[in-house]
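Each chain is listed here by its residues.
2 protein chains.
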Amino acid sequence: MAKEKKLVEAITSMEEDFARWYTDVVKKAELIDYSSVKGCMVIKPTGYAIWENIQKELDRRFKETGVENVYMPMFIPESLLEKEKDHVEGFAPEVAWVTHGGLTPLQERMCVRPTSETLFCDFYANEIQSYRDLPKLYNQWCSVVRWEKETRPFLRSREFLWQEGHTAHATAKEAQERTELMLNIYADFCEEVLAMPVIRGRKTEKEKFAGAEATYTIEALMHDGKALQSGTSHNFGDGFAKAFEIQYTDKENKQQYVHQTSWGMTTRLIGAIIMVHGDESGLVLPPRVAPTQVLIVPIMQKKEGVLEKAEEIRNQLISNFRVKVDDSDKSPGWKFSEQEMRGIPVRIELGPKDIEQNQCVLVRRDTREKRIVSLDEVEDAIKEVLDAMQIEMLERAKAHREAHTYEAKTYDEFKDIVANKPGFVKAMWCEDEACENKIKEDTTATSRCMPFNQETISDTCVCCGKPAKTMVYWGKAY
Amino acid sequence: MAKEKKLVEAITSMEEDFARWYTDVVKKAELIDYSSVKGCMVIKPTGYAIWENIQKELDRRFKETGVENVYMPMFIPESLLEKEKDHVEGFAPEVAWVTHGGLTPLQERMCVRPTSETLFCDFYANEIQSYRDLPKLYNQWCSVVRWEKETRPFLRSREFLWQEGHTAHATAKEAQERTELMLNIYADFCEEVLAMPVIRGRKTEKEKFAGAEATYTIEALMHDGKALQSGTSHNFGDGFAKAFEIQYTDKENKQQYVHQTSWGMTTRLIGAIIMVHGDESGLVLPPRVAPTQVLIVPIMQKKEGVLEKAEEIRNQLISNFRVKVDDSDKSPGWKFSEQEMRGIPVRIELGPKDIEQNQCVLVRRDTREKRIVSLDEVEDAIKEVLDAMQIEMLERAKAHREAHTYEAKTYDEFKDIVANKPGFVKAMWCEDEACENKIKEDTTATSRCMPFNQETISDTCVCCGKPAKTMVYWGKAY
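Listed in order, the protein sequences are those of chains Z and D.
Residue numbering for the first sequence follows this note's numbering, starting at 222 and increasing by one per position.
Residue numbering for the second sequence follows this note's numbering, starting at 222 and increasing by one per position.
FYI, nobody ran anything at the bench for these hints, they're computed from the structure.
Mixed in with the good hints there might be a few duds.
A pair counts as met if it fits within one copy or between any two copies, since identical chains are not told apart.
[Unchecked claim] Think about it this way: if two alpha-carbon atoms lie no more than 30 angstroms apart in a straight line, the pair counts; the simulated DSS-like pairs of lysine-lysine are: (1) LYS472 <-> LYS248; (2) LYS284 <-> LYS249; (3) LYS523 <-> LYS472; (4) LYS463 <-> LYS248; (5) LYS604 <-> LYS277; (6) LYS306 <-> LYS370; (7) LYS545 <-> LYS277; (8) LYS463 <-> LYS249; (9) LYS248 <-> LYS475; (10) LYS284 <-> LYS647; (11) LYS304 <-> LYS370; (12) LYS697 <-> LYS475; (13) LYS284 <-> LYS604.
The following block holds chain Z by itself, in its conformation from the complex (with noise of 0.2 angstroms):
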């Protein structure tokens, strides 16, 4: 029994340091592991079939709405980047610099993307010239590199994957339009798809992206009360096609500036599923976005009968589940306990008692709820235990959320609850950058968006006392 349970033992308890217990997670669970290249991760099997499901999901939703795949280079010129003033000032601090191409200095040093709107928008402004090109709405799937002092697995790092959608409109209603459909498709894959609930808003113009009208974000509750900005969407208005010169000829034979938006996920999503289902045991992965669903584990697999008994139900499974067998010489109970660490949402033990009764056991992964279960019946019992779980994966998490939102009516309550309750606080805002900046300096707390759904908690802005305008979301985020 020693040797079974050194697999759990080795992690962190959650409760006593939750980010040890997720470095712990994203180590045991083989999503990840570091490399050579400071602040640059290398993404295991596990972890890439996770991003790959999430593609799968996110690319037949994008290309439901008309979105077209393309590919730009990796590299923008220095000249370029510089072209929209505030995108520039954003993100030139932290890009990686290319200075030479073999043993030749470039003429001009060029940076690796840390994102692609100069680069979408160059091609755009040769693209568009007549309104018949209108509307554009490319994506691509790349990495980007972004040079973080501090990094961590999946959340933090100097390179990860994303999508970039980017999009040209004839009018600054479709724009918004487009910017807006974006982010209820990434709300919705988060809830279908993950199983994690997210708010939807806007963020102040402090914490909006470099060189945005205005950017819209979903906001998801970890475990451990912090935030973690899982998805956003951004209107340019015509900021960029005035500075990049993207004009088409309209219906009426005039020369009009294009709207534009941008919107992106990133591997983070994956840190994202660990913090928001994993528990002590390890990793808990929702149904659909988990590269295997089921595992066959054999009890006394040396037993005549036994494994093939197991390749048997696999064959049964295959057409409709993602399935393996484990018939590795580990024992049952250390297969049991890879498999929660792996978050695979179910297990079936089988033995030679069990195939005699015709039976086998089914384990759900997040309650440890166990079944027995007649073999005519397994394809059955599993579709359902697979989907019961997806659905309570998501009001679990919703009701995590719920349990960890509070209102504020005065800076004392706030201060109070950011110090000691971690979670979400609403609270109501001036719209001063001002009271904005003293939070974050008194508190940590960042505003995280002012939702959609806007409440009002009382009259006055809970950090100056004047008159309020918005409701806010605050919180300590990653």
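Fit chain D to the supplied structure of chain Z, relying on the hints for placement.
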């Protein structure tokens, strides 16, 4: 009519100037565009959709053999690149160097990966401890950078997309088997999906990959008689394992070096598709890789019922084919030219009279063959046409290759063929690199491969006249 012809007239004749024809097709079929980043390309929606189809097919074939996808950092510290002597000599002259992160100079400069052997080896050195950890069968889809001086769309650019597989095995035998397995997967993929026949063989010592023990290749013949290396698979033996100290404990508890392979295919395959199948009207796409397989062109689309019927047919076909309706306000003739330029395999022409007679016209892109088909049988007819087209495109490409493959017994014959008859030359070789060098110098032809299917053309080396050891395919190459 003048307007309709413009699109077609704009491309150069392939017989007149094949290189310009190629560039014209790439642009007019909207596969690629130039960018402000010298030597880097923008892959446009149609080009990228072809790549997505290639990815989907290859990825499935890889995974069926147990391969798992991962993601490694895009940067390689200089000291890591230098660990394997031949490898660094091969790549250092053509890498892009990152020297600054944000405003700070890096302590050690890093290159953007030209290929990732060194990163995988560094990872495997930690990851592999015991024989239980083997084999490792990892692959990644990413972009790589090689600082080429001369670039051409898809064929040679400073950044390109590819997959790179990297495996580690317990024995030399297993590594050799994997090397050959992947080469055969590549070859089958080219023939079955891209309708492109390839010669399977081994590269000479001179032409092998930097750091490999042996490189295997598939070589295809383009329409102009030049060869294109279309995929390579390398056996590294234990050379990298020794340089990176990748050892495992075997069943007898002894330390052993692993044996490794790597293998890759790139977006240059899209260039191959263009140059193998294209014609004077533009691109011709094999049905299995075409983003759109069927284009419905309504005739007199403003007449009542025409567009509705086109949509109805589209909806009927959509579950089995990739199908679109062109309902833009261009003329039918213009739409025909565009469909031909873009290489869409089947066009459906549908006008009011057709609808009256419950029929439509199917036009096959490669042969221009027209068939009048009852609307009740349109689905079967399309399946037939696409299947036939896929098979006949391969046959035609094979016939073209046979017609442009020559044999040379003497050096005079050899030089005459290379100078006057574009294609492959089969000729014997003594295996002395001096002859290979002389041939290249005298004729610009290079050794393409030593095919698995060996034949005896003569007894003596075509260059020096000494006893021959091997039959080699020679040719001018992209």
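Hint check:
no. : hint              : verdict
1   : LYS472 <-> LYS248 : between (58 angstroms within a copy, 27 angstroms between copies)
2   : LYS284 <-> LYS249 : between (35 angstroms within a copy, 24 angstroms between copies)
3   : LYS523 <-> LYS472 : between (76 angstroms within a copy, 20 angstroms between copies)
4   : LYS463 <-> LYS248 : between (47 angstroms within a copy, 27 angstroms between copies)
5   : LYS604 <-> LYS277 : both (21 angstroms within a copy, 27 angstroms between copies)
6   : LYS306 <-> LYS370 : within (24 angstroms within a copy, 33 angstroms between copies)
7   : LYS545 <-> LYS277 : both (21 angstroms within a copy, 22 angstroms between copies)
8   : LYS463 <-> LYS249 : between (50 angstroms within a copy, 28 angstroms between copies)
9   : LYS248 <-> LYS475 : between (58 angstroms within a copy, 28 angstroms between copies)
10  : LYS284 <-> LYS647 : neither (36 angstroms within a copy, 48 angstroms between copies)
11  : LYS304 <-> LYS370 : both (26 angstroms within a copy, 27 angstroms between copies)
12  : LYS697 <-> LYS475 : neither (49 angstroms within a copy, 52 angstroms between copies)
13  : LYS284 <-> LYS604 : both (28 angstroms within a copy, 25 angstroms between copies)
When held up to the earlier numbered hints, the structure conflicts with 10 and 12 and fits the remainder.
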